[in-house]
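Peer 1: With the hints as your guide, set chains B and C onto chain A.
Chain by chain, the residues:
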Amino acid sequence: MATDKTNLQLVVNGILNENPIFRLVLSMCPAVGISTTVMNGFMLGIAVLFVQVFSSCTIAIFKNKIHPRIRIPTYTLTIATWVTVIDMVLAAYLPEAYARMGIFVKLIVAFAIITMRLEMFACKESVTASFWDGIGMGLGFMFGMMALGFVRELLGLGTILGYDVLGFKPLLFFVLPFAGFFCVGLMMGFFNWIELRYKRAKQGA
Amino acid sequence: MKDIATIIFRLTISCLLAGLVMGAAFVFTNKAKLHNAEQREQQVMLGLLGYSAAAPAPETLALHPLHRYIVTSGETSAIGYLVPVKGREQAGAVFVEISLDGAFLGQQPVSLAAGQAAEAGARDAAIAAALGAGKSLRYADQTIIVTEAGKRRAYLLSGEFPGFKTFIDVVLALDPAFTVLGLEIMEHEEDPGLGGEIVQGYFKNQFQGKTFEALKKLGVVKTPLPEEYRRALEPAKGGEAISPEEIARVQALYQDKDIYALTGATISSRAVTSGVKAIAGKFAYRLAILDKVLAEQHIAVPF
Amino acid sequence: MRQTAMIPRVLIALVLFFLVPGVVLAEGLVAGKDFGEANEIIVTFSQSPDRQTAGDPANYTVYEEQDPDIRLGAERIVLSEDGRTATLVFAEPLNTTKPHVVTIANVAPGAESFRVTKPYLGYLVTILISALLINNFVFTKYLGLCVFFGTSKRKDTAKGMGVTFTIVMVVSAIMSWFFYQFILKPFDLNFLQIVIFIGLVSLTVQAVDTVLRKVNPILFNAFGVYLVLVIANCVIIAVPLILADNEYNFFETFMLSLGAGGGFLLALYLMSSVRERMELANVPRSFRGVPIAFIVAGQFALAFLGFSGLNIF
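Keeping their order, the protein sequence lines are chains A, B and C.
Anchor point for the first sequence: position 50 equals 50 in the numbering used here, and the numbering is continuous, going up by one each time.
Anchor point for the second sequence: position 67 equals 67 in the numbering used here, and the numbering is continuous, going up by one each time.
Anchor point for the third sequence: position 37 equals 37 in the numbering used here, and the numbering is continuous, going up by one each time.
FYI, nobody ran anything at the bench for these hints, they're computed from the structure.
Quick reminder that beta carbons are idealized off the backbone N, C-alpha and C, glycines included.
All the given hints hold, so there is nothing to weed out.
Quick list of in silico lysine-lysine cross-link-like pairs, PhoX-like style, CA-CA up to 25 Å: (1) B:K282 to C:K118; (2) A:K169 to B:K204; (3) A:K63 to B:K2; (4) B:K216 to C:K98.
Okay, the calculated bits of chain B under chain C, using three or more residues with CB under 8 Å as the criterion: (5) 162-171; (6) 274-286.
If we strip away everything but chain A, and leave its shape as in the complex, we get:
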């Protein structure tokens, strides 16, 4: 059963309607743990994008040959393979970024978002649709992480992407790890508020 959406709509869907971090509330660990700077968010977003796209495509290519009873182990194996590959590639070619992300690159294998997407989308849809959906989800994740990173870096260190914008550190605790919880909670509440206003406006009109 093919999806009705066009490829562009799939991508936008991943970024807005079904944004993994803010709407689907999945893959929270990195959102809280290492969204301290925009660069961190960007790099991890690239890694997740890579894993999501490749896993989705792999499963979409082989979807007819996967026996239903070993669905989950197959998904896990695919994801683990691609995570290992991106882990090695990052360690070899971008060692500084890799050192900052620490253990989180290896943990991508446990991200619920990727397994969910494979289960709900890739095993039913065509390869191109899965490809664009993967891109959408990955971009949505990257966008969420970068938005968080932007807020935390600006308020915590006074810099953006390493450039000293403010010249002083307004609220240092925003860079400390636990502030990730506060930030995500506040931003989620903010998005909810926007959605409520939008719904109310639509109803009123």
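Peer 2: Frame of chain A, contents of chains B and C only:
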């Protein structure tokens, strides 16, 4: 039955495919990873000596690695150094054994191809072959002796010591009189913004210029860092440019003072200070013994 | 019935296992040795030695085990009243994380040499407390959050998830340790870590699922539904990665996994207690549900920050 057979068959195929993909990626990326690690080390070491992309190191600069081992035969232990030697035809290496009290025990030539000395496995095997049976080796650490046109210029020591959280890895540069040339923090797990500030210039550059005598008595004070000292320590940052004479004046002023602790990270500051003292102290003691033995035995070393 | 009788026996066996080596060492000249203050080593003799020789710093050779050529000279020796205890006082504080070797000459026939370390049991308990409180996986390391927020709405769900998770954690960590020590390390296959570890977790979940179904269906109805969620938990793969990185041995692995599971259970229980109350509170509309849970979790994380740097042993 047929179902289970299909399942197992498909699962095995998937595992094999996955293994192939990962193996291929490993082969490609492993070389790049090792190369990058080496590059980073080189950059850090040259940076400590004052060289960078803008001011590259001269041709006459040479880095000689000195590897230290602990040799155990039965109950007794001894210290062994893998020392590069100047030969008539080509450079080689000699393994010098020194007892725990500083007496010379023996030396054996070690056959190592060029570039093999950097690889731990090849090095250990070559030394074990030279020593013969009955002795076990344990790798201790590595020092780099930097010479310029044959004369000793600096010593680069790497060390690890416990910090506030787990461990702190540093590279320390000393000049021939054991005065600190520079300190670089390689790895740490301190809190960002608090203990993590040990990587900032205004902390680690405080160690620059401390003489060996001052280092032995070095302490940590909890008073705030004076503004003029901070500007001299981080001349690259800050609004106005600061002249080299001003920097030299301020450095001379604070040369013999203790280290100013980081705000909210006294324990990390103390850990780094005592770690640096220990590394420098142990090295000075060991080098004196090694130099004496090398001189007495007339071992021709390129440094 | 038989199961409950087993537990005290297992505990007694464990205690004896740790104490017996200490008893055996008591023979010989040195009855006890320990670190005292930051710059002291305390030696207890089984018989009072000659006061003159025991009080002379020149008779004691002390060095850190891995630096046998650097001799740490004791500044002075303080003998107790009955002469059975000697306290070696040093000028600089000692690095108590490393084992030290002390050799006493001239006191007994031949030199008596022994190691001074912090007690190993203390080290194991430190790993446990560290994984439980100081480096709590949820509040300090920010792992396992999806499952955490999903199952912390009620106390029952929290307890069920926590217990299931601890069991799967311990079993899969131990299996991962075996695999790592005997297959991955010797054959230099470290890049297969991720695949192997997650594979072992799936295997454990499947095994626990099957066993529980057959052995105790009631328990299965209570906990079985959480088994599937365990795989999506970041902690379950973080622990094997940590133990591989730190090269832990078997006991340290056991303590780490127990602490990780226990810490997760603790975090879940605390969170669920608060969230049950919040259902009755007057929360603004946009914050209801997950956003306010995040803010509460942030406050817990802030509180747990207070454990940072705690050093018991």
